[in-house]
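A.B. asks: Starting from two chains that each stand alone, build the complex the way the hints lay out.
The listed protein sequences derive, respectively, from chains A and B.
Under our numbering, residues 1 to 207 are what the first sequence spells out, in order.
Under our numbering, residues 1 to 552 are what the second sequence spells out, in order.
Hints in this document: simulated from the structure, not taken from any laboratory.
Just so you know, even glycine gets a beta-carbon here, dropped at the ideal spot from N, CA and C.
Treat the hints loosely; a few may be bogus.
[Claimed, not checked] Straight-line distance between alpha carbons at most 30 Å, and here's what the computed DSSO-like set of lysine-lysine pairs gives:
| no. | chain 1 | residue 1 | chain 2 | residue 2 |
| --- | --- | --- | --- | --- |
| 1 | A | 174 | A | 44 |
| 2 | B | 80 | A | 99 |
| 3 | A | 143 | A | 120 |
| 4 | B | 457 | B | 371 |
| 5 | A | 62 | B | 172 |
| 6 | A | 13 | B | 80 |
| 7 | A | 99 | A | 122 |
| 8 | A | 174 | A | 122 |
| 9 | B | 172 | A | 44 |
| 10 | A | 5 | A | 145 |
| 11 | A | 122 | B | 371 |
| 12 | A | 122 | B | 260 |
| 13 | B | 172 | A | 143 |
| 14 | A | 71 | B | 371 |
[Said to hold, decoys possible] Here are a few chain B residues that sit away from chain A, every Cβ distance over 12 Å (derived from the structure):
| no. | residue |
| --- | --- |
| 15 | 176 |
| 16 | 183 |
| 17 | 321 |
| 18 | 440 |
| 19 | 443 |
[As the list claims (entries may be wrong)] Far from chain A, some chain B residues (derived; all Cβ distances over 12 Å):
| no. | residue |
| --- | --- |
| 20 | 43 |
| 21 | 158 |
| 22 | 258 |
| 23 | 315 |
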Amino acid sequence: MLICKQINKSYSKTILSNFNLEVRQGEIVALLGPSGSGKSTLLKIICGLETLDSGYVYFNGKNLENIPPEKREIGMVFQKLALFPHLDVRGNLKFGLDKKSDIKEIDEILDLVGLSDYGKRKIHTLSGGEAQRVALARSLIAKPKMILLDEPLSSLDANIKEDLAIEVRSLLKKLNISAIYVTHDPKTANQLSDRIVYINAQILSDE
Amino acid sequence: MKIKILIVVIWSMLVLVPPLISWQQLEIVAEQTILETLGNFDSRFQTQGSISFTFFVAISSTILTMIIGIPLAWNLGRYKWRYHIILRSIFTVPFVMPSILVAMGFLSLLDWFEVIFGDNNSQDLRIYSLLLAHAWFNLALVVRFCEPILSTIEESYEDAARLLPSGNTKLKRFGRLWGPLLLPNIIASASLVFVFSFTSFALVKFLVPAKRNLEVVMSNQAEWAGVEIPALGRAPSEIVLASSSIQLLTIILALAISSKLQSRSQGHHLSSLKDSRKEVSFFSIRGLYILMMLIFIISPLFALISSSFLVRENGVMIWSTQGWVAAFGGTHSPTNVYQSLYSSLSYAFLTVLISLPIGFVLSDSINELEKEDSKFSTILDILVMFPLALSAVMVGLGVLVGIIRTEPELARVWWIPIYGHLMLATPFVVRVLLPAMRNLNPEFEQSAALLGAGYLKRLMTIKIPILAPSIIVASSLVFAISLGEFGASWVVLRFTEYTTIPVMIGNILSRPGYDPLLRSVANAAGTVLLLMTLILFIGVERFRPVGRGGEF
Numbered sequence: 001m002l003i004c005k006q007i008n009k010s011y012s013k014t015i016l017s018n019f020n021l022e023v024r025q026g027e028i029v030a031l032l033g034p035s036g037s038g039k040s041t042l043l044k045i046i047c048g049l050e051t052l053d054s055g056y057v058y059f060n061g062k063n064l065e066n067i068p069p070e071k072r073e074i075g076m077v078f079q080k081l082a083l084f085p086h087l088d089v090r091g092n093l094k095f096g097l098d099k100k101s102d103i104k105e106i107d108e109i110l111d112l113v114g115l116s117d118y119g120k121r122k123i124h125t126l127s128g129g130e131a132q133r134v135a136l137a138r139s140l141i142a143k144p145k146m147i148l149l150d151e152p153l154s155s156l157d158a159n160i161k162e163d164l165a166i167e168v169r170s171l172l173k174k175l176n177i178s179a180i181y182v183t184h185d186p187k188t189a190n191q192l193s194d195r196i197v198y199i200n201a202q203i204l205s206d207e
Numbered sequence: 001m002k003i004k005i006l007i008v009v010i011w012s013m014l015v016l017v018p019p020l021i022s023w024q025q026l027e028i029v030a031e032q033t034i035l036e037t038l039g040n041f042d043s044r045f046q047t048q049g050s051i052s053f054t055f056f057v058a059i060s061s062t063i064l065t066m067i068i069g070i071p072l073a074w075n076l077g078r079y080k081w082r083y084h085i086i087l088r089s090i091f092t093v094p095f096v097m098p099s100i101l102v103a104m105g106f107l108s109l110l111d112w113f114e115v116i117f118g119d120n121n122s123q124d125l126r127i128y129s130l131l132l133a134h135a136w137f138n139l140a141l142v143v144r145f146c147e148p149i150l151s152t153i154e155e156s157y158e159d160a161a162r163l164l165p166s167g168n169t170k171l172k173r174f175g176r177l178w179g180p181l182l183l184p185n186i187i188a189s190a191s192l193v194f195v196f197s198f199t200s201f202a203l204v205k206f207l208v209p210a211k212r213n214l215e216v217v218m219s220n221q222a223e224w225a226g227v228e229i230p231a232l233g234r235a236p237s238e239i240v241l242a243s244s245s246i247q248l249l250t251i252i253l254a255l256a257i258s259s260k261l262q263s264r265s266q267g268h269h270l271s272s273l274k275d276s277r278k279e280v281s282f283f284s285i286r287g288l289y290i291l292m293m294l295i296f297i298i299s300p301l302f303a304l305i306s307s308s309f310l311v312r313e314n315g316v317m318i319w320s321t322q323g324w325v326a327a328f329g330g331t332h333s334p335t336n337v338y339q340s341l342y343s344s345l346s347y348a349f350l351t352v353l354i355s356l357p358i359g360f361v362l363s364d365s366i367n368e369l370e371k372e373d374s375k376f377s378t379i380l381d382i383l384v385m386f387p388l389a390l391s392a393v394m395v396g397l398g399v400l401v402g403i404i405r406t407e408p409e410l411a412r413v414w415w416i417p418i419y420g421h422l423m424l425a426t427p428f429v430v431r432v433l434l435p436a437m438r439n440l441n442p443e444f445e446q447s448a449a450l451l452g453a454g455y456l457k458r459l460m461t462i463k464i465p466i467l468a469p470s471i472i473v474a475s476s477l478v479f480a481i482s483l484g485e486f487g488a489s490w491v492v493l494r495f496t497e498y499t500t501i502p503v504m505i506g507n508i509l510s511r512p513g514y515d516p517l518l519r520s521v522a523n524a525a526g527t528v529l530l531l532m533t534l535i536l537f538i539g540v541e542r543f544r545p546v547g548r549g550g551e552f
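With the rest of the complex left out, here is chain B (with noise of 0.2 Å):
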């Protein structure tokens, strides 16, 4: 017990300090506390509107998901589908995806838009696209929530509501059953499609840069965050502090809420384990809506590849290969994509040989502490799942100002980056071995201390090779965040020698004045990174639990 809670104190000092410290400098800085700086924020001209463009987004963002999300998971759950597991497979494949990638996949569409309708510019055009990119992102979380349950339910339910008054029209079966019934699914879908809508960094910067969300106005002023400069005033301070409270609280206060209503709704002795999907042919309209979802999945990625080979040359696309030989020599970003991909497999590596044991050990203590009934695990748990909520450039300003500011000399240290990409990755460490670990028979381990074996003996003989699949599940899910992760990276390593893929994309898409050849460097750039992820996401489906979703 004595070393579980010392695991809560010693997680809780590396996800709370850096962010406290970070606030604290900012409140120095600042000379005001969090109130005050509240108070102009949306007067100023760097802050305007971002709030209400925030909300607008992540509402927008979630309804539209819901809405192209539900019929997907319900014709995956309720129809078994010849190919299905590929079919899943490429449906969930977006939310592993980085976001950046998203980001240029939908810059491309918008491009081969104004090659067939001649006009990509438009705010409104940009602004749904974003919204368009935040469904696609976040589809998979839908089909992952809901699918699951859909496809075990009790077969008998449907036909039982069917033979009774109040489930004999379709209509009334799905206001009174499957709606109510996949209620707490749905709420948990929408509330994290929500905090990813609202904390979404990359789709916003770069597909409609005219608009500042929270995020992206942190960002701008993360530079100057934390350190006074008598020319730029306290401003940059004052924004960040204003702009990481209302996200921090917005945040939090949807996943209350979300918990809130899940843990009202739940309690349903739901599915069996046997599959209750009815055969369909994709020679339907059934099979039709799936190749349309297919072609929105597919369309953005084959965008991305597709323009990486696309010059544009007197206001006409042409075929070459110039934006792959730039991307490879380095010729116009820092780095080339040698170095950055070495960056980037470095940090993906030791994160996951970091953020493994220590997801392990985490998860094994939630689990423990539940079975005693102690209190500390909805804290550890809350703890866990702290750095999702703080978003992150939120994750990456702790890093810069929490960290970094209070000794320069570790700006030049290369691994400090990893920071961030350990809070950011070890959440979801948890969130696949901890449901492993509380569906271990409890037996297995029972009987081989009987026999002899040892805590060491029991882990490595039983416990580790059951949960052998999830294992590697939880290592290539780490191992893909942190090959795509932008936010907290683009924070901390934008002007550093250590440049991740996604970085280095970053610094190609923000560089001013116009070059034809950077968005096909950036794209070329983009299908290594792209290549990377399916690589791995195809090569980890098959170890991934029949019926289990809900937790990635």
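The shape of chain A in the complex, shown without the other chains (with noise of 0.2 Å):
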């Protein structure tokens, strides 16, 4: 379970005002926001790419204030997706992988996300959709507690977009994983989430 305690964070404005927020083991919440209402931040500093100016982030019971992001088995897709680009996609995939890991542990993913005979294409030769896929599945192999999801959806033709958000979903229902899904997309966060927090510049509110 994760829980956001009074999170506060400025830059030059204030982007996050004492904050709060819970997320169940296994539940998918979608937060959503117009752009600058600081939701890529809460991920970062969640996931601990970004330090808090006050207030605590809790995590199966552990304070995460002195534990490194690699430390954290918290994972995450970017909105650009950092697929690296001299690997290929099982060379990205393999990078999700410690060197005690199966290897066969990449077909499985490869196949869990639709994408069985991918394993030697290039990055650059990916659709947007399948270039989705393979983030989510880099970040699922190291078997994460939770995922965060910073709009990985956003560049995606409208029609994809439902089509993967259904099965982004069904791919956490069934590894059990809480997940955060960042957007600015109300349809979007209808179809992926269990529940919806809307995240209004420094204005919070939790349905």
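C.D. replies: The following block contains the structure:
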């Protein structure tokens, strides 16, 4: 379970003010709000890529304050996906495994995201939807306890976005992984999540 | 298409004919084929150990340059410093410095070393200073090739890698993410560093006079190469023939291997146009590192300038302006600074005037041929770069043996040396203009054509104004290259009245016998050249397109 308590973050202006959020095990929460409302900043605070000014983040009972990002067991799919261009699909997925892991896991995860024959494909040859699946697979293969999705579907066409949102939801449910999905699109938020949290500049409400 | 093929043919003749005539002439005089001259190359006293020394220097210098250069490129590429543009300019200024100035800067540092520690003449110390001088000179290449990609690389790569098991430590991220991503640029810069260190002339000649690399060997024999002198036998021609073949073959091989490795690693769509650097303060460990590197870059230049005001008297250095007076009075060299500066500036202006239109037409042709997917684009690109594979001394030999010795009257023609400058500078014009032309949106010209503008109007009102910053960068680069050119000019000009400043310095440093004033005179002339190069460089940096590097 993730608990964010009274999170405050400012740069030149206040981005997050006394923000609170709880995500239960296996729950998918959509964080909905306009650009610049602090959605991505919050995700970076949760996974440790950004520090908070004040407040607490607890994950499975542990205060994450002094735990570096690589040890938090939280995965993230970035808005621009950040698939490494010098590696093929298999190479990108292998990046999510440690040395002791079974290499067969790559085939299993590719199967799971419906890209069984894509292992040797170069990243720049993938379509938008295929790249989203590879990015999701790369995060999942590292077996995180929670996954953060920073508008990864935003650049897709409406039809593909809808299909993929449903697929992502069913995949996360199948693996029983908690997730926070950041978006500014209410339709995708509805399709993908169990619960929507609105975030709007400094005024935040939880429904 | 026909005009472009004609351009390929004309340029090919310009760059290939003099060296080919030279090789033929050398073969005639040597009465041996190239392969036969290689047989006893290393057993002659003039050449003994030169092959192994050349390779040792080139390989060691490349390794040292990469060890110093990659961390510097990283710190400039991943972090945003206050006065970043000035910092980047300082770290890239060594590349446009005339090699003879670098040699004198490090010689002056050795003098200071002697004042402080009491010894500057041990062979090892001189070889270390040579390797360090090569690293100093070539550092800019590593920065130019690696910094732009580091500063614009997608910032989420680092974050994404950090959250995954194979990238959860700095070492793993370097080995599996940054290393492979930078590899093509590292290979490209390393191969050029190797080539420049392999063909180093002034630095080897003056820093380690007891040793000879192939370039020095060729220069020593240039005076008698290609002519039959019974007293000397065939040795000079045989030696030049063998040295030039080994050198050419090695350089072509190095460039081919580098090109192959690069093309294997290419195809990544790496960088975004967004600046992804993190702010960093000078008051940090990184700041201390940058300060140390600044001292490394500035110290030879500072030593050169300060040593021009120092004269050794009875083993003690005293402050004096005697060196400057002698340099401008011409008492220690066949020409004075005014005369040499006049020659240098004349050659530099003429080289810019001629190489710029040639380079523009060549770049335009390569660009158009690339669009047509013609194999001629690759051929022309290789031919454009060919003079760089020849090295400065070899170009000089091409002019001397291939042109002047076929028609001795040409030795008195003042403009003949420009030929060598053109061959050495034009490839740089193409390397600057071609990327800019590739980035030019073709719709600009297309819409002008639809509005009724002819070729010349499109060229004058669209193409040249848009390419103006790159044209200015290319012009100053050519001017600086011509101003500081030493190898070819040394071979062609050293006995003429048209000596340039680098040749004047070379003449002063090569004078036999001990004269305590000589070094100060050379340093004073060198300081004039240094100031001119710095003014040029600082003036042009503002025109360099942002985030652009890789091709000079």
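A.B. asks: Next step is simple, just say for each hint if it's right about the structure.
C.D. replies: Hints, one by one, checked against the model:
1. Of the pairs offered as hints, the one joining residue 174 of chain A and residue 44 of chain A holds, with about 25 Å between alpha carbons and a cut-off of 30 Å not exceeded.
2. Our distance criterion of 30 Å between C-alpha atoms is broken by residue 80 of chain B and residue 99 of chain A, whose separation comes to about 35 Å.
3. A C-alpha spacing of about 22 Å is found between residue 143 of chain A and residue 120 of chain A, which places the hinted pair at or below 30 Å, so the restraint holds.
4. Our distance criterion of 30 Å between C-alpha atoms is met by residue 457 of chain B and residue 371 of chain B, whose separation comes to about 22 Å.
5. Using a Cα cut-off of 30 Å, the hinted pair residue 62 of chain A and residue 172 of chain B holds, with the two alpha carbons roughly 27 Å apart.
6. Of the supplied pair hints, the one linking residue 13 of chain A and residue 80 of chain B holds, its CA atoms being roughly 22 Å apart against a limit of 30 Å.
7. Simply put, residue 99 of chain A and residue 122 of chain A have alpha-carbon atoms about 23 Å apart, close enough for the 30 Å limit, and the pair holds.
8. Restraint check for residue 174 of chain A and residue 122 of chain A: satisfied, since their Cα atoms lie roughly 28 Å apart, inside the 30 Å limit.
9. Our distance criterion of 30 Å between C-alpha atoms is met by residue 172 of chain B and residue 44 of chain A, whose separation comes to about 21 Å.
10. Among the hinted pairs, residue 5 of chain A with residue 145 of chain A is consistent with the structure: their alpha-carbon atoms are about 20 Å apart, no more than 30 Å.
11. Among the hinted pairs, residue 122 of chain A with residue 371 of chain B is consistent with the structure: their alpha-carbon atoms are about 25 Å apart, no more than 30 Å.
12. Between residue 122 of chain A and residue 260 of chain B the CA atoms are separated by roughly 19 Å; this keeps the pair inside 30 Å, and the hint holds.
13. Distance restraint check for residue 172 of chain B and residue 143 of chain A: the Cα-Cα separation of roughly 19 Å lies within the 30 Å cut-off, and the hinted pair is therefore satisfied.
14. The hinted pair formed by residue 71 of chain A and residue 371 of chain B fails the criterion: a straight-line CA distance of about 50 Å is larger than 30 Å.
15. Chain A draws residue 176 of chain B into its interface by the beta-carbon criterion, the shortest separation being 7 Å against a cut-off of 12 Å.
16. The beta carbon of residue 183 of chain B is not kept farther than 12 Å from every beta carbon of chain A, the shortest such distance being approximately 8 Å.
17. For residue 321 of chain B, the shortest C-beta to C-beta distance to chain A comes to about 55 Å, beyond the 12 Å cut-off, and the non-interface label holds.
18. The claim that residue 440 of chain B is not at the interface with chain A holds, since no C-beta of that chain comes within 12 Å of its own (minimum 24 Å).
19. The claim that residue 443 of chain B is not at the interface with chain A holds, since no C-beta of that chain comes within 12 Å of its own (minimum 24 Å).
20. Every Cβ of chain A is farther than 12 Å from the Cβ of residue 43 of chain B; the closest lies at roughly 48 Å, confirming the non-interface assignment.
21. A cut-off of 12 Å between C-beta atoms contradicts the statement that residue 158 of chain B is not in contact with chain A; the least separation is 9 Å.
22. Interface exclusion of residue 258 of chain B from chain A stands, the closest Cβ pair being 18 Å apart, more than 12 Å.
23. Taking the minimum C-beta to C-beta distance to chain A, about 59 Å, the non-interface status of residue 315 of chain B holds against the 12 Å cut.
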